[in-house]
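Trainee: Here are the chains, one letter per residue:
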Amino acid sequence: MPTVIFIEPDGAEYPIVVKSGTTARDAAVNNSVPGIDGDCGGECACATCHVHVDAAWMARTGMAEPGGMEANLLQFAEGSTENSRLACQITMTDDLDGLMLRIPDGQH
Amino acid sequence: MTTDTLVRDPASTVPLSQMDVSDPKLFQSDTIGSYFARLRREDPVHYCPESAYGPYWSVTKFKDIMQVEVNHQTFSSEAKLGGIALQDMQSGEASLELEMFIAMDPPKHDAQRKAVSPVVAPSNLVLLEPIIRERAGLILDSLPIGEEIDWVDRVSIELTTMTLATLFDFPWEERRKLTRWSDVATATPETGVVSSFEQRREELLECAQYFKGLWDQRVNEPPKSDLISMMVHSPATRDMPYLEFLGNLILLIVGGNDTTRNSISGGVLALNQNPAEYRKLMADPGLIPKMIPEIIRWQTPLTHMRRTALMDAEIGGRKIRKGDKVVMWYLSGNRDDEVIDRPNEFIIDRPNSRHHLSFGFGVHRCMGNRVAELQLRIIWEEILKRFSKVEVVGAPERTLSNFIRGFTHLPVKLHAH
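If you're matching them up, the sequences are chains Z and X in order.
The opening position of the first sequence corresponds to residue 1 in UniProt numbering, with each subsequent residue numbered one higher.
The opening position of the second sequence corresponds to residue 1 in UniProt numbering, with each subsequent residue numbered one higher.
One chain only, chain Z, in its complex shape (with noise of 0.2 Å):
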C-alpha cells in the first residue's frame, strides 16, 4: 500500500496510505485534504485538484501531456508550473510510494 504525501502552503503534511490503484485526488478528497476539492468527481474536467508535483518525483509521475485536457485545464489554473499535474491523473503504484504532492498557494 502506497502512501502519498500532500504538503500544505503553510508546510503542514498529509500523509496518506492508499490501494494501488487509487488516484491521487480520491485519497485527498476521502481524507479531506484542504486545497484539493475535486468538484468533477475525479474526470479530469475542472482542475480543482491542481497539485505541484516535488521535483525528485517528476520522472516517475511524468508531465501532463502535452495538448491533452489535463495540460488544457493547467493552463489556467493558479500557480501552474511545469510540475503542475492534476491529482485525478495521477494513479497510485508502489513505484510512487512516498510521493510528495504540493498544493499551490490559496487554491481553495
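It should be emphasised that the hints constitute simulated quantities derived from the structure, not laboratory data.
Keep in mind the model is a prediction, meaning the values are calculated, not measured.
Just so you know, not all the hints are guaranteed correct.
[Claimed, not checked] Mimicking DSS-like on lysine-lysine, the simulated pairs with C-alpha atoms at most 30 Å apart in a straight line are: (1) Z/Lys19 with X/Lys63; (2) X/Lys80 with X/Lys290; (3) Z/Lys19 with X/Lys290; (4) X/Lys212 with X/Lys61; (5) X/Lys319 with X/Lys63; (6) X/Lys212 with X/Lys114.
Following the hints, complete the assembly by docking chain X onto the known chain Z.
Mentor: Below, chain X without anything else, positioned relative to chain Z:
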C-alpha cells in the same frame, strides 16, 4: 392533486416528439422541472425538430452533459456557429457581432481567458475579501427590520454590482449602469427589459463607449489589478478589436451579475421552503461553506449552455449530426438521481455538494466560480450575524428566460436576533 389535474399536466401528456422545453414561460412559472424529469426518464437525449430557436438536442442527464463538456473538439462554442445559448448569437436582428472568449474554441479562447483570469484568481480574491465583507455589512446594516423589502433589489443586485464595480474599478456612483447593461445584454424584446433589438443595440453601444473611456484612461496609467487595466496591458488583449473588447466585457458583466445575484436570492427562498434546513444553519453557522455549493446546485442560475457539433457524434446512444445544436441542460443534470442522491431535496450539509454542473466543466468552466462562492459565503456569514431570520413574505417573481434562472422580485421581512 386529483387524477384530473395529473391527466391535464402537459409535461406528462405532450407526445415526446412534440416536447419543446425552450419556452421561457416554463422557466418563469417554475414548471419546467417535470418536463426535464420526464425527459431524463423517457428520452434523456431528446431531439426537438421545431422550436422558436430552430431544431435542437436536449441533453438532460449529468453524465451525458459531462461527456459533451469535455469534448470541445467535437462540440464547439464558436459564436459564428451560434455560440453558447439556445438563442443564436449571430442571428440577424439580435446581432451585434460581439465576440467573447466563452464563445470561442481553443486556441484563441485560451489566450484571452488567460489574460483576464488573474483578476478572479485566489491570490487576488484574498485581497478582495475584506472589501466585499465591509460592503456586504453596509448593505445589510442599511435595511429596515420588520418591514417588507425586495431582497432582489436591496441585497442581491446591490452586492453583486458592488463586487463587479470593485473588480473593474468602475466609477462607484455609476455602478448601477453595470446592472442595467447586464440585464440588457441577455434581454430580448418579449422580456420587457428592452422594447426592441434596436434599443438593446443602442444601450450596448453606450456601454462600449463608456468602457472605451475607462480603457483610454487606464492605458495611460501604470498597470493595476483591476480587470480593465489587465486587459489594457496584457499582450493577449491590448490590441483587441473593439467588438471583441465589448464582447468580453459584457461576458464578465453578465457572468458576474446575473448569476450570483440569483443564487443569493435563491438561497433565501430555499431556506424558507425548507425550515428544518434553516434551523440547522442557525444552530451551526459552520455549515455555510458546505451550504454554498448546495445553493448553487439548487438554483442553477444558468439553465443551460449550448454547443454546435463540428462532426457526427454520439451522445447517450443517439446520433448527433454535424451542425446540430446541442443544449446541455444543467438544471436537469443537477436533478439527476443517478449522480446526485435525493436531488429534489435541498440539504445544506449534503456530502459531496461540490459535485454539481452549475459552473460547467472543461475549458469553459466558469472562470468566476470562486468569486461567486466568496460572495455567497460572506453574505450568509454577515446575515447570520445580524438577523434571526430573513423571512419570505410573498410570492417570488421569476425571470422570463430560458437561459437565466432568476428572480425579479423576492419580498422579505427581516427579523432581528
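Trainee: Would you mind marking each hint as holding or not holding in the structure?
Mentor: Tested hints:
| no. | hint | result |
| --- | --- | --- |
| 1 | Z/Lys19 with X/Lys63 | holds (26 Å) |
| 2 | X/Lys80 with X/Lys290 | violated (39 Å) |
| 3 | Z/Lys19 with X/Lys290 | holds (28 Å) |
| 4 | X/Lys212 with X/Lys61 | violated (42 Å) |
| 5 | X/Lys319 with X/Lys63 | holds (17 Å) |
| 6 | X/Lys212 with X/Lys114 | holds (21 Å) |
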